[in-house]
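Asks: Once you've looked at the hints, dock chain B against the given chain A.
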Amino acid sequence: MKTYKWLSFVVGALLVFTTLNPQENLTAKQIVDRSFKATKLAGSEMLSTMTIIDDKGRERIRKIASVTKLYDNGETEKRLIRFLSPADVKGTGLLTFDYEEKDDDMWLFMPALRKTRRIVSTEKAKNFMGSEFTYADMTPPILDDFTYETLGEEEVAGTPCWKIEMIPVDEDVTDENGFSKRMSYIGKQDFVIRKAIYYDLDGELHKELTVEDIKEVDAANHKYRPMHMIMVNKQNGRKSILQVDEIQFNPDVNDDFFTTRYLERY
Amino acid sequence: MSAFAQKIVRFRWIIIIGFVAIALIFGSQIPRSEIESDMKAMLPPDIESRINTDKIDELFGGTEMLIVIIKAEDVLNPETLKRTEDISQQMKRIKGVDKVLSLFELKNIKGEEGAMIVKPAVRRIPKTGEQTEVLRKEITENDIVYGSIVSEDFTLTAVIALLKTDVSDDFMVKEVRQLIEQNPGQEEVVIGGLPFTRFQVTRSIRGDLRRLLPLGLLIMLLFLFVCFKQLRGVVLPFAVVIMSILFSMGLIPLLGWKIHVISILLPIMLIAIANDYGIHLIAKYQEYNYEGNPYSKKELAMNIFNHLTKPVILTGLTTVAGMLCLLGHIIIPSRQLSVLASAGILFALAASLLFIPAVVSMLPKSKPVILLKSDKKPLLEKMLRLFGKIVTHRPKAIIAFALISALAVSVGIFFVIVDTDPNKYYPKDHPVTYAARLVNDNLGGAQNISVVFQGDIKEPRIMNKIDAMEDELKDMTEVGSTTSIARVVKQMSRALNDKEEEWYDRIPDNRNAVAQYFELYSMSGDPDDFEKMVDFPYEHALLTARLNTASTKKMNHVIDRLREKTEDDQDVLLIGGFGSILSELAHKIVNGQFLSLGLAIFVVGILLMILFRSVTAGLISAIPLALSIITLFGLMGIFRIELNIATALLSSIMIGVGVDYTIHFLWRFREERQNGLDPQDAAKKTLTTTGRGIVFNALSVIIGFVVLFTSSFMPVRFFGFLVVVSISSCLIGALILIPALCIVIKPKFLEPKVLKT
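Line by line, the protein sequences give chains A and B. For the first sequence, the working numbering assigns the number 2 to the initial residue and increments by one for each residue that follows. For the second sequence, the working numbering assigns the number 12 to the initial residue and increments by one for each residue that follows.
Note that these hints are calculated values from the structure, not bench results. Quick caveat, the model's predicted, so the values are computed rather than measured. Errors might be hidden in some of the hints.
Straight-line distance between alpha carbons at most 27 Å, and here's what the computed DSSO-like set of lysine-lysine pairs gives [to be verified]:
hint	chain 1	residue 1	chain 2	residue 2
1	A	K127	B	K175
2	B	K51	A	K57
3	B	K185	B	K82
4	B	K130	A	K182
Here chain A stands alone, though its shape is the one from the complex (with noise of 0.2 Å):
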């Protein structure tokens, strides 16, 4: 009798970690820490479309080219943006280095003026060319900077998610990123985020971000795009899209476009 229920035990117990999805176990950290890299690809080239909408209706729509590398272990994320269209800033080239310990560095080129400025930017809640996209949403942020909370789950668009809360651990973070609170609803299958919510500094809803058509580009990494991003500021009605027409993944990008000499080869 004694050990008929101390095997039904270890019995019930295997059945139970083998039929659970292992994913159960992740804390809302890790679920974001995954959600972070899934996205992160070894290398690739891109043609993509960036639309921004004012609160008349009225678009502006630059069209722009870019290859990724990464670079020590992952760490650092080198990005070479090319303007394509419109004319006026044609070749307008934007070169970034994004690391994950530190500020990042980027330089403009300006065509017109044949001259390539630095940009300082300490505030990755500043807006990303003119957008509703602020630098914090263009790269992944650090960690450590953020509690997190699993609310539950829901389905977006049919997407089983998770829901989670990330909360900057101080003022300075909150500063820094612009927001006091962030809702994301992380995909559980492919960890890769489905939809955001913006709390701005007092606590009030500020931006959504809907994330559509997400493409496997590395499968044997099983990294991801996605190919739409919406961002709609709900406070004074813009909204940007983030269109990506084309997408290559490539390991191997030459060096040599991330380089300020390159950058102003054009």
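Replies: Chain B in isolation, oriented as in the chain A frame:
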């Protein structure tokens, strides 16, 4: 007994209930009325400056500024900066605030080690004296803030809230006041800006109505009591005044109008004017109700009606005619006041002629009020008799004297100033005026005039044009500060180029370069930094000049110069801004002044010609009016009283009211001539009989308007003062000049008709 008078007595109940009911029904609407404190609403919506300013709001969002001014010995000291930062931060969170401009929000664009850095003008509060001096130097070189957000001597700094277009002044001022309370400190903090002015104006209008009305009524009660020493003599004209005020004030919400600053004049005008007719009826009642008179109470009522209908209607009509001439003004509240006051006076006229006799016919006969002429007003008697003497002995000298003195005073006309600045509503030490002075003298100016450019704004040709116009504006002494997208481009050019480089502090010569400047900026600035300078598609740009003066004349100078410069320029869409509204308002006030004045003299002249069936009658009665007008404007110039929204109403009101005395005089004078007196004796007799009535009538008007001296609004106070002056001059004209003219000219219309006997 006329049949009509009998009908009044027969239907007295209906008349009494009817008038009271109308007054109550209209009066019950008064609580529904709203106060309008926006200067913009004074101009019709189809006026150019208003259309243009609305268009600017549409293109660039609200441009209204609520300003918090922080005053300290040195605003760069850490405590003051901290307080400024807190206020600036928290202000952003107030609903209704579109954008905050402060040392912590406005940017500093500068070049440093190969980078263009865009950061707030004050990013960190300095900890040491050395850091403070570095910051001071940086701010001195930052023309986005120096002289506009921080005063050049660093004793003042402003935190400006640009408001959304749909927010109420009341809400905003309360929120900002609370914000200041929550951030206490050593520094003096002052609120300013147009929304604050309007907030104060609204409160002052309410306060004025609450104070002036009871005070005016009280003074009128006392005056009536002194005149009639009898309850019904006080109550009946008083009831007429109250009813006409209820009626005309109730009309405001019923017609869908709002209470403006000058609407304060309406009840006061009615207190002063609406009782005139009642006074005549009561006087007549007391005259008939002598000791041992044979009349019944009904007969008394019918008598007063029959004897007074004609002159009362005539004087009422001239007053209404004068009022209606205010329709010559394009300014909305003036036109509304004209209609409302006319309606109120017509109501008072009807109530005096119908309601008073109806009530009198019901009341038991009162004890006769003994009129002891000798001890009542001996001084007045003596004075009038003296007038009679002078007029008959030296009529030509009087005419000459009147003309010469009017001519002498007329010199002042050349010094009359037109002013529409709402900050001048208040006396010098008032918070509104104080804040305006601080902003005008130290923080770039409170009123703005804007030019909207259209086309491809990134095109260097247009950029350079904006830049050139901005430079020209900056050179004008009236302009305190300017903002434009061209200036930002130049600032970027300084950050991007070294001093010795060709494109340092210049607009680039090709469009792509300009576009790439903006692209560079967008990498580190905020997307809405240029919101108030250029629209989203870069199709319209706004050049704003803030004026350091409130003077309409100087404002006109700037606008005229801009008009001249931008005439036929396809790149310039419009000129607007609050300054242009004030300027246009001033033009309209002057035009409306001349039109309504001319119209009033003409209409009143025509009325007199019809009344006396003589052209000369119209001309003669116009002479004292003309001299009064000359005196009025002359004194305005001499005492530096500005022609503004309130004082501009004066002349046509004065004509309508002031001509009554002339009418009374001429009417009686003709009667006495018909009765066989020679002109000299007729003048003497008229002066000592009707003259008394005229003096009382004028006194009641003057006393009624005297309460305006206690108004919160300077223009209204001046209005009160000028009414006293001009009614007095009309009175003197009627009592001295008119008799002299009648004696000298011996006009035909006053001569006795061929006796039928």
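Asks: Now tell me if each hint is right for this structure.
Replies: Hint by hint, here is what the structure shows:
no., hint, result
1, A/K127 <-> B/K175, "holds (23 Å)"
2, B/K51 <-> A/K57, "holds (26 Å)"
3, B/K185 <-> B/K82, "holds (20 Å)"
4, B/K130 <-> A/K182, "holds (25 Å)"
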